[in-house]
Each structure stands twice: as C-alpha cells, then as structure tokens.
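Number of protein chains: 4
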Amino acid sequence: MLDKSNPFHVTSTRVRFAETDAMGIVHHASYLLYFEIGRVELIRQTGASYTDPEASGYSLAVGDIRIRYIASAHFDQQLTVRTQAANTRSRSVTFVYEIVDATTGQILVTGNSKLIYVDHNGTVSHIPERWIEAIRPFDTSE
Amino acid sequence: MLDKSNPFHVTSTRVRFAETDAMGIVHHASYLLYFEIGRVELIRQTGASYTDPEASGYSLAVGDIRIRYIASAHFDQQLTVRTQAANTRSRSVTFVYEIVDATTGQILVTGNSKLIYVDHNGTVSHIPERWIEAIRPFDTSE
Amino acid sequence: MLDKSNPFHVTSTRVRFAETDAMGIVHHASYLLYFEIGRVELIRQTGASYTDPEASGYSLAVGDIRIRYIASAHFDQQLTVRTQAANTRSRSVTFVYEIVDATTGQILVTGNSKLIYVDHNGTVSHIPERWIEAIRPFDTSE
Amino acid sequence: MLDKSNPFHVTSTRVRFAETDAMGIVHHASYLLYFEIGRVELIRQTGASYTDPEASGYSLAVGDIRIRYIASAHFDQQLTVRTQAANTRSRSVTFVYEIVDATTGQILVTGNSKLIYVDHNGTVSHIPERWIEAIRPFDTSE
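Residue numbers (my numbering), protein chains in the order written: chain D, 1 to 142; chain B, 1001 to 1142; chain X, 2001 to 2142; chain C, 3001 to 3142.
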C-alpha cells in the first residue's frame, strides 16, 4: 500500500485507444505500462536515469508483481500515477503504485513490483550507492 | 502454486518479436497475455466459450493478479502455458499459471489471477452453473 | 507528406520501455500508437472529441495506413508528433504524420492513415458537419 | 498484392483478447504483429532462422509498411496469415501479406512491408546468399 504520510512521486498519463479492449475498458495488462511510467519518472526525478544501468550494462529486472483492480479506466481518461519506493535493499527495490482518476481522485488500481539489479548476463548485482541515495527519499520504510 | 497432483490445462505459444523489449528478453507485461491465452484455452476445453459471457452481456473482469518472474524468455522461444483453477466460487474463479520452456521444462514465470463475473455495468454476478461445472475438474481446491 | 506551409497539430510523447524490442529500438508497430495519439489530440484541439462518435454510436475505423521508417527511436526518447489532415471527405478523412526527435527535429518516421466514419454495425456514414468544420483548418488540401 | 499463382507461406493465429480495442474489434496495430508472425514463419520454413541475423549481429529492420483494412477481425477468431516475398534484393526484401478468416477465407487485411538488412549500428548490409536462396521460392517476382 502506498503510504500517503510519506513522499511519493506523481506523474500523469492519458489512456490511449490501443490500451483498451473489447470490454470497452482499459485492458488489465496496460496498467503494467502505467506502473513502468511511474518508476521511470520517479527515478528521473532523483537525478539518476533509468537508462543509466542499461548504458552501463546493468538493468532493473522485474522480479515480482502484485496488481489489485478496483475500478475500470476508459479511453481518453486522464490518469494520475503515484509511485513510492517501499523497500530499498542493496540488490533490489520495491515500488508501490496507485493509479487514480486525475479529476476525481478515485483509486482505480494499486500494485507493487520488486525490481532486481542485474548485469547483462542476468547476474544479480549491487545497486550503485548513488541510486540508493536518490531513491531513499521516496522510500517509506526508511 | 500450480498443483501438479491435480489436472491442469496445457497449451503453447511462441514468443513474438513484438513481445520483447530493449533488454533483449520478453517484456514483463507480455506474460499477462500468455496467462490470458491459458485461461481462454482452459475454458474452451471445458466446452464453454470465453466469449459466451460477452455475447450474453457478461464478462470475466480481472480482480487481482500476482506474477513471479524466475527466468527470462526470449524471442522465438516455444513456451508451454499450464493453467489450473484454484478456487471456484459463485461469483469468481482464480486461475493459477506456470509458463515453462517447452523444451527443457524450466519454469520461467508463475502467477495467478482472480477473475470476477460481471455484467456490462460492472455489477458482480453469479457465474452460470454450467461454467462452474465445466471449470471444476481443473480446480485443485475441490 | 506533411505540408509545413500549412497548419499542423503538434503534441509530444516519450518512448516507453514496453514500446521497445530486442533490437534495442522502438518496435515498428509502436509508431501506430504515436499516430493515434496525434489524431486524437488534433481532434481534441478542434473542440470535437474523439470519443464523441463512440458515445453516439459512431467510430472512426482505420481504412488504410502507410508508414515510412527513416531512423530508429529509442527508450526514453522525447518525440514530437506532428499531425495534419490531408483530404477531408464526407465519409472519410486522411491524417498525415511526422514523428520527429523533440530535441534535434530529426524526422524518424512519416506516415498517413485514412479513417472512415462508421456506425456500430460497420456501415460507412457521413461525418457530422461540425467535425468536418473542426478538422478543416488542419487540412492542407483545402 | 499477394500473387496466388505463386507459392506462399501459410500459418495461423487466433485473436487474443489483448489485441482487441473498445470498438469491440481487433485494434488496427495488431495486424502488424500478425504480419511479423507471417514473415518469421516463412523464414523458419526456409530453414534459415529469423534469429540468425540477431545472433550474428545483423537484423531485419522495417523500412516501409502499407496496410489495407477490408473487414474487422474479432476476439477468438481463427486467422490465416499468408505471406509471400515480392522483391528480394541484395540488401532488402519485401514481404506481402493477407490476413483471412480461417473458416470462410474472407480477406480481412492485406499489406506489405519492406525489410532492410542492417548491422547493430544500423548500417545497411548485404543479405547472406543462403537467406536469399531460401526466400526466393516464395518470391513471386522471380
């Protein structure tokens, strides 16, 4: 759960038509793309770049995801993506998300994902200290 | 967890290039599409049709998802999708999945998703009895 | 070809990781999503809403697409989407697109798509006059 | 246009729910994924592997696409993908596609795409002779 008594990152996205499905609502897999936007933008705000590890031969691999669907989003809806770090470790970091309607603030989807720092061979590695320092202000468990 | 001492449905899919990402592996959101293939094919095998509820004004909405990533899949890899029902209730059913390499049998990703039976207004409804009967043989909790 | 001597709509989007593929670049199908953003935002700017026809039982169906790939886009790249109408008819409208690097202005992809106005049964219909009026300022062929 | 008086490759795919959109039909971008399946399977049948160039540091980059939408496909529809080579040159090859309903044979979408052989730096290169030899039987322009 996102802890609102602690800092969290806020960004926004608008639902694309391609993200909907034949039920007339946003396809459930599309929310993983919104989560991805959330953590990329959180990391950008820290001054680190999500692309840094890729340039340097390291990446954040997704290890675990949990998603809870509360209400449907629709085409063209303006969404707010709230992102927070929950458990920054030496080799992994967990992000917590809330997707809410930008106008009403209604929570649509919540979730979290554990990201693991790996090199190009998939070997788990230490997250650089400057990354950890950058993410820490958004980490509610500190 | 998929319970191998009970029946489970098996289908296969091959990784498309569009499902990969710049890390050179399958993008983590793509596995939700493989899960979807698994439950659609499980329901088809029961003789019911996944499209039935849509034709009749009812749908299976995703309520909750859990995914655990163990190893990466790659472009063109032949995958086996194992699907089982875990908890068939009057208004919801939980599916459990394993995505494995079709050749080696290595488990790549596991997960589960709770599906809720809703009408076109999103009102939670009773799953038709014939559906429940059809899914039950794949339900390990019976 | 986009005609720069006439008005065109400008919006922007940033490449998501999910839009890349194992070649390390944006997957070629992702540009259709950027085109879609372009025409949705052009129509929004006219004061009409892309969702109007859906609410009213009418939709814009894609009839024809042409895409030309000039240079690759990469994860996290900030893109500018330029959109223009080229041939507004009573039942169809053609949009023309340029996807350019937001910083350098380098043209990455160009394309056009013909959209046809259809009702829910797929029957081709007349575009409402107020839509045509709204799109016309962006139509270079007028 | 696919030339039926010459050999063409045939494969099949079933529409996934994730490939539909809120118009209740297959999203227009999804057909590019079906085209991709067609050319990957055509190349596989030649005995060459689509992954070969990637393993060797070369790739087929999409240079140009044309798509014509004739009728809508729907969730769960079984599709036949017909693929043919149309113009095999030393550095590029054009594939031609037809997506048809597997049961009725109705043509839903046609298209073509020009693929260019490039190395990892995006430099246009010569297609290996064994690839050209393999594709040639499917090339109607020979």
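In case anyone wonders, no lab produced these hints; they're calculated from the structure. Don't take each hint at face value.
Claimed, not checked - Derived DSBU-like pairs: lysine-lysine, alpha-carbon spacing no greater than 30 angstroms straight-line: (1) C:K3004 - X:K2114; (2) B:K1114 - D:K4; (3) X:K2004 - X:K2114; (4) C:K3114 - X:K2004; (5) C:K3004 - X:K2004; (6) C:K3004 - C:K3114; (7) B:K1004 - B:K1114; (8) D:K114 - B:K1114; (9) B:K1004 - D:K4; (10) D:K4 - D:K114.
For the pair supplied as a hint, K1114 of chain B and K4 of chain D, is the alpha-carbon distance within the 30 angstroms limit?
-> Judged against 30 angstroms, a Cα distance of about 27 angstroms means the pair holds.
Take the C-alpha atoms of K1004 of chain B and K1114 of chain B, compute the straight-line distance between them, and say whether it is at most 30 angstroms.
-> 20 angstroms, holds
Given pair status - K114 of chain D, K4 of chain D, alpha carbons within 30 angstroms = 20 angstroms, holds
Holds or violated: K1004 of chain B to K4 of chain D, with C-alpha atoms at most 30 angstroms apart | Distance ~42 angstroms between K1004 of chain B and K4 of chain D Cα, so the pair is violated.
Compare the distance between the alpha carbons of K2004 of chain X and K2114 of chain X with 30 angstroms, and conclude whether the hinted pair is satisfied.
-> 20 angstroms, holds
Holds or violated: are the alpha carbons of K3114 of chain C and K2004 of chain X at most 30 angstroms from each other?
-> Distance ~27 angstroms between K3114 of chain C and K2004 of chain X Cα, so the pair holds.
Given pair status - K2114 of chain X, K3004 of chain C, alpha carbons within 30 angstroms = 27 angstroms, holds
30 angstroms limit on alpha-carbon distance, applied to hinted pair K114 of chain D and K1114 of chain B | Given that 30 angstroms is the threshold and the Cα spacing comes to 21 angstroms, the pair holds.
Does K2004 of chain X lie within 30 angstroms of K3004 of chain C when you go C-alpha to C-alpha?
-> The given pair, whose Cα atoms are some 42 angstroms apart, is violated under the 30 angstroms limit.
With a cut-off of 30 angstroms on the C-alpha distance, tell me whether K3004 of chain C and K3114 of chain C pass.
-> 20 angstroms, holds
Of the numbered hints given earlier, the model fails hints 5 and 9; all others are met.
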